[in-house]
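Chemist: Keeping their order, the protein sequence lines are chains A and B. Each residue of the first sequence is one higher than the last, beginning at 1 in this note's numbering. Each residue of the second sequence is one higher than the last, beginning at 1 in this note's numbering.
Think of the hints as simulated: they come from the structure by calculation, not from any bench. None of these values were measured; they are calculated from a predicted model. For every residue, glycine included, the Cβ atom is placed at its ideal position computed from N, Cα and C. There's no promise every hint is true.
[Unchecked claim] Some chain A residues judged to face chain B by a derived CB distance under 8 Å, without partners named:
1. Thr-10
2. Ser-112
3. Phe-116
4. Ser-129
5. Ala-158
[Said to hold, decoys possible] Examples of chain A residues toward chain B, derived with CB under 7 Å:
6. Gln-30
7. Ala-32
8. Ser-115
9. Gly-128
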Amino acid sequence: MTLPATYSFTTTENPLSATYWTETAWAALQAATGYCKVVTTGFANSAMYWSADTPDAAQYSQLVFTTGSNSVCGPIVRLTAASPTFYCAYAETGATRILRKYSGSWTALASSSASFSVPEILKITASGSTLTYFAEGSQLLQATDAAYATGQIGIFAAAGAVENTLDDWEGGNLGSAYTAAGVESFAGVYGRSGQFKRTPAGIL
Amino acid sequence: MKKFYVVPVIGTGTLQDNYRPKYISDYPITWSRWDYGQMPWTIVGAEVDAATDAAISANPDCYTLPDNIDANLSPAQVTAIQNKLESANLPAEWVTTGFTWRTLLKFLVAYFIIAQRFQGLHSEVLFTSGITLDMRINQIPVSKRNKLTTAAEHLGLDTSGIQPTDTLRVALKKLAVQWQGEVILGNEAL
Numbered sequence: 001m002t003l004p005a006t007y008s009f010t011t012t013e014n015p016l017s018a019t020y021w022t023e024t025a026w027a028a029l030q031a032a033t034g035y036c037k038v039v040t041t042g043f044a045n046s047a048m049y050w051s052a053d054t055p056d057a058a059q060y061s062q063l064v065f066t067t068g069s070n071s072v073c074g075p076i077v078r079l080t081a082a083s084p085t086f087y088c089a090y091a092e093t094g095a096t097r098i099l100r101k102y103s104g105s106w107t108a109l110a111s112s113s114a115s116f117s118v119p120e121i122l123k124i125t126a127s128g129s130t131l132t133y134f135a136e137g138s139q140l141l142q143a144t145d146a147a148y149a150t151g152q153i154g155i156f157a158a159a160g161a162v163e164n165t166l167d168d169w170e171g172g173n174l175g176s177a178y179t180a181a182g183v184e185s186f187a188g189v190y191g192r193s194g195q196f197k198r199t200p201a202g203i204l
Numbered sequence: 001m002k003k004f005y006v007v008p009v010i011g012t013g014t015l016q017d018n019y020r021p022k023y024i025s026d027y028p029i030t031w032s033r034w035d036y037g038q039m040p041w042t043i044v045g046a047e048v049d050a051a052t053d054a055a056i057s058a059n060p061d062c063y064t065l066p067d068n069i070d071a072n073l074s075p076a077q078v079t080a081i082q083n084k085l086e087s088a089n090l091p092a093e094w095v096t097t098g099f100t101w102r103t104l105l106k107f108l109v110a111y112f113i114i115a116q117r118f119q120g121l122h123s124e125v126l127f128t129s130g131i132t133l134d135m136r137i138n139q140i141p142v143s144k145r146n147k148l149t150t151a152a153e154h155l156g157l158d159t160s161g162i163q164p165t166d167t168l169r170v171a172l173k174k175l176a177v178q179w180q181g182e183v184i185l186g187n188e189a190l
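With the rest of the complex left out, here is chain B:
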């Protein structure tokens, strides 16, 4: 069965000890994941049996999505996933019970895409020390601000609607809603 998890990233980044999802990479299973610009958390889709799923999910720092990702989030699940995502610098205030888990994932991927392109273009991560989601755009160092603009426009996203007084949280959401690309997680399209 296909299951989705939010887990820490482990590894030192060498070829033999590459960055990979904690727990999931310990099992002989097929998985794929989204990298969030080398942040310490990742979202993984994996093909698992019930026993492997139970073993992975038993870990306190693993958040397991429900079996049915076409179900709407409950209020408790909204709070739980918001806390998990925000702790990883992923804006999540927009998550409501109106979302199914599938639509949540499809919307989330855009944040990962932006962070990946930022890192790929500029050889640095977006969330360096001191950069938070609640900083205003005009509080972010000019060079970082310009790099974010470049990364977004490189993806074909329109940055004209971002205001200097927007928080990074708001700015990222304005960009994320524009993403129309294919979404692969767990070795298949969502």
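Chain A extracted, bound-state conformation:
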């Protein structure tokens, strides 16, 4: 595989395919046809990383948050599977944040009260000690933190009473040609509609 990588959760997987994803010390993520969801049994914290490639230190992770309001989930960068530790972007009603997951604790590095409505493309980038959060392709937050210099890219979903659903994950190295928004919808003839992906290689 080469980066940037994309994954659209087109089949049922429990857990996500080991060809591309690796579990962390937390529970695994699973996919239903068309979306990714947190493992609901026990509503455990879940995280997996894209293991088909090794990203550079300057990296990004992006996904479409498709359902939920107070469910906490989001793209992660610079993940180390043990514990696990990572930086993430997450959005919930009334708050969007850049968080650092350290060993057994969470630290908020930046926050905004910007509202969001699903579906929304959430993206986090890590370049040097600068972390940046994008919502729908627009920069929303930025922070300085040097705890983690390298790591993997992937997805996390926190324990909650409702099921988080995500879709259309994308991740890769910064500096490679890519566009911020990865998915667009279309309405075609005879009532057909759908989505296409915009990637450096073109439209899929």
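Mind docking chain B on chain A? Use the hints.
Modeler: Just chain B now, with coordinates in the frame of chain A:
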């Protein structure tokens, strides 16, 4: 308007009650902060209106930087910020009226960066019980000393100039002056 504050850190560290800046996180505003290796204080940059700024600043354990961070520190401000920073194990004896607040912040970030990398690499904080700024390097437990060296060199900092008889205060400053990275606070570069 953009304002900068030194405030305590609150929270129990769970996802729902994450570590965050006291007072500032109570308002629907945009902010970003520097974490000092899970020490109980933090420096925050926030976008606030006058009323919110007044409410935050009214708290006795909040130190508010002046509106104009390109102004030089007054003698009274030097004393006040030194006391605040030293109470958080941040070396501040080097602060003088020759600094503007902006240059002060840009210099300070390096201490935060070192503490963050130390914590990220070693899963422990630099200032554990008994470790003080005025301890000599050769008084610090060997394992802690080696971890500090590793963290500094991981950041690309040169540790060769640090002497065993240097205090931790002096050693951290020797490292901090080397930092050349981008500095983001309050959601923008300083």
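Chemist: Going through the numbered hints above, which ones does this structure break? Give me the numbers in ascending order.
Modeler: Numbers 1, 3, 6, 7, 8 - these are the hints that the structure violates, sorted from lowest upward.
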